[in-house]
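Residues per chain are reported as follows:
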Amino acid sequence: AQSVAQPEDQVNVAEGNPLTVKCTYSVSGNPYLFWYVQYPNRGLQFLLKYITGDNLVKGSYGFEAEFNKSQTSFHLKKPSALVSDSALYFCAVRDWGSGNTGKLIFGQGTTLQVKP
Amino acid sequence: EAQVTQNPRYLITVTGKKLTVTCSQNMNHEYMSWYRQDPGLGLRQIYYSMNVEVTDKGDVPEGYKVSRKEKRNFPLILESPSPNQTSLYFCASSSTSGHNVQFFGPGTRLTVL
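Line by line, the protein sequences give chains Y and G. Heads up: the first sequence begins at 1 in the working numbering, then just goes up one per residue. Heads up: the second sequence begins at 1 in the working numbering, then just goes up one per residue.
The hints are simulated quantities; they were obtained by calculation from the structure and are not laboratory data. Remember, predicted model here, so these are calculated numbers, not experimental data. Please note that the accuracy of each hint is not assured.
Said to hold, decoys possible - Below, simulated DSSO-like cross-link-like pairs (lysine-lysine); rule was C-alpha separation at most 27 Å, straight line:
1) G:Lys57 with Y:Lys49
2) G:Lys71 with Y:Lys49
3) G:Lys18 with G:Lys71
4) G:Lys69 with G:Lys18
5) Y:Lys69 with Y:Lys115
6) Y:Lys77 with Y:Lys49
Make a model of the complete structure from these sequences and hints.
What follows is the structure, encoded as structure tokens:
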């Protein structure tokens, strides 16, 4: 069965420090992987995706993610965190098990708290 | 502006009183989907639609209905809401020709008393 796991409910980091939000996946077929961010009282916003190609993917707001096939991971990273990065982050994978439906499977979310 | 809109944004209702949450997108997307978000559970898909008049169940369809009579609209219907349907609901859309980047609406917070 396809699945996504975000092992940390919350990540705390000081402003200016690097941040990592972890994601591991299990999927049959090619892994199409996504990161979304949710700010308070807002819908989810797309950050970045991995479909194929370079393992390091760059996205919006200075975020990047590293695809690691052997570890089945897709961790979200940023070299220098900002207080405004504080939000809820979701990792998602395309569900090939549902055929060509475009369905995404989401992790449970990780709250990122950046302190001044 | 390309967007997905949902209405209402907030709704408090009572058990058994039928309600509809509307969803509309202006990007000519074929694919639309409804999710519910509950703490610790992430987003779970309720129903999805691949195109007009084509809908199918997601992971948690019980107690919900949808329709897709027009490409831009995908309403979510709760015929007889119950307290366990208290949740935050999101509508999303995407093109089926892209790599499934889904665009999300702002969410509808529903409370069923």
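task = Could you tell me which of the numbered hints above are not met by this structure, giving the numbers in increasing order?
result = Going through the list in order, the structure violates hint 5 alone and respects the others.
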